[in-house]
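Peer 1: Just so you know, the sequences run in chain order A and B.
Quick note on numbering that gives the first Met the number 0: the first sequence kicks off at 0 and runs consecutively.
Quick note on numbering that gives the first Met the number 0: the second sequence kicks off at 0 and runs consecutively.
Hints should not be assumed to be uniformly reliable.
Any copy, or any two copies together, can satisfy a pair, since identical chains are not distinguished.
The list that follows gives simulated cross-link-like pairs (lysine to aspartate or glutamate, DMTMM-like), each with its CA atoms no further than 25 Å apart [to be verified]:
hint, residue 1, residue 2
1, 3, 33
2, 67, 32
3, 106, 12
4, 92, 15
5, 23, 95
6, 92, 2
7, 55, 78
Think of the hints as simulated: they come from the structure by calculation, not from any bench.
Number of protein chains: 2
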Amino acid sequence: MFEKTTRMNFLIDIYESLLTEKQKSYVSLYYLEDLSLGEIAEEFEVSRQAVYDNIKRTEAVLENYETKLGVLQKYQEREQLIEQIEQHLTQHKQLDDGVAALLQQLKNMD
Amino acid sequence: MFEKTTRMNFLIDIYESLLTEKQKSYVSLYYLEDLSLGEIAEEFEVSRQAVYDNIKRTEAVLENYETKLGVLQKYQEREQLIEQIEQHLTQHKQLDDGVAALLQQLKNMD
Numbered sequence: 000m001f002e003k004t005t006r007m008n009f010l011i012d013i014y015e016s017l018l019t020e021k022q023k024s025y026v027s028l029y030y031l032e033d034l035s036l037g038e039i040a041e042e043f044e045v046s047r048q049a050v051y052d053n054i055k056r057t058e059a060v061l062e063n064y065e066t067k068l069g070v071l072q073k074y075q076e077r078e079q080l081i082e083q084i085e086q087h088l089t090q091h092k093q094l095d096d097g098v099a100a101l102l103q104q105l106k107n108m109d
Numbered sequence: 000m001f002e003k004t005t006r007m008n009f010l011i012d013i014y015e016s017l018l019t020e021k022q023k024s025y026v027s028l029y030y031l032e033d034l035s036l037g038e039i040a041e042e043f044e045v046s047r048q049a050v051y052d053n054i055k056r057t058e059a060v061l062e063n064y065e066t067k068l069g070v071l072q073k074y075q076e077r078e079q080l081i082e083q084i085e086q087h088l089t090q091h092k093q094l095d096d097g098v099a100a101l102l103q104q105l106k107n108m109d
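Produce the complete structure using the sequences and hints provided.
Peer 2: In C-alpha cells:
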C-alpha cells in the first residue's frame with residue numbers, strides 16, 4: 000500500500016494539470032491529504048462508492064499518461080544515474096562543493 | 000522558421016503518443032519528413048487548407064501539453080546544468096572517463 004501511495008503521489012504531482020477538476024480533487028484528497036473514502040464522500044455529498052469509482056478511474060488515467068509519456072520512469076532512471084555520478088566522484092575524491100551544488104540542482108529540477 | 004521547426008520536432012517527439020493518428024500523421028510528415036502542405040494534401044486527397052488547419056490545431060495541442068507539463072522546458076534546463084557540470088569538472092581536471100560516460104548516459108536519457 001505504501002508503494003502504491005508513493006507512486007500515486009508522484010503521478011498526481013506530474014500529471015495533475017491533465018486531470019479534470021473533479022478527478023484532481025478526489026484523488027488529491029485521498030492520496031495527498033490522506034482523507035478516507037467516507038470523509039471525501041461526506042464532503043462532496045456523494046456515495047462512498049462514487050468516490051471509490053472516480054478514484055479508480057483517475058488512477059487508470061494517470062497510469063495511462065505514464066505509459067504514454069514515461070515522465071516518472073525517466074525521473075527514476077535519472078535519479079539513479081545522478082546517484083552513481085555522486086558515488087563515482089566521492090570515491091575518486093572529486094566531489095567538490097561546486098559540483099555537489101550543481102548535482103543537487105539537477106535533482107531538485109524534477 | 001528553423002527555431003519553430005526544431006521546437007516542433009522536440010514537441011512531437013515528446014507528446015506524439017497523446018495525439019490522434021490523423022494529427023500525428025500530418026504534423027509528422029510536415030515537420031519530421033519535411034513534406035510540403037501540397038504534398039500532404041495530395042497524399043491524403045484533401046485540400047491544402049485542410050492540412051494547414053489541422054497542422055495549426057495540432058501545434059496548439061502540442062503547445063498546450065508543453066504549457067501544462069513542461070517536459071521540453073525541463074529537458075532544456077537539465078541540458079544546461081549537465082553542461083555546467085562538465086565544464087566545472089573539466090576546469091578542475093576531474094572529468095575522468097567514468098564520469099564522462101555517466102553524464103553522457105544522462106544526456107541520452109531524454
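Peer 1: Take the hints in turn and mark each one as holding or not.
Peer 2: Here is how each hint holds up against the structure:
no.: 1; hint: 3 / 33; result: within (13 Å within a copy, 44 Å between copies)
no.: 2; hint: 67 / 32; result: between (27 Å within a copy, 23 Å between copies)
no.: 3; hint: 106 / 12; result: both (16 Å within a copy, 24 Å between copies)
no.: 4; hint: 92 / 15; result: neither (41 Å within a copy, 43 Å between copies)
no.: 5; hint: 23 / 95; result: neither (42 Å within a copy, 46 Å between copies)
no.: 6; hint: 92 / 2; result: neither (35 Å within a copy, 41 Å between copies)
no.: 7; hint: 55 / 78; result: neither (29 Å within a copy, 37 Å between copies)
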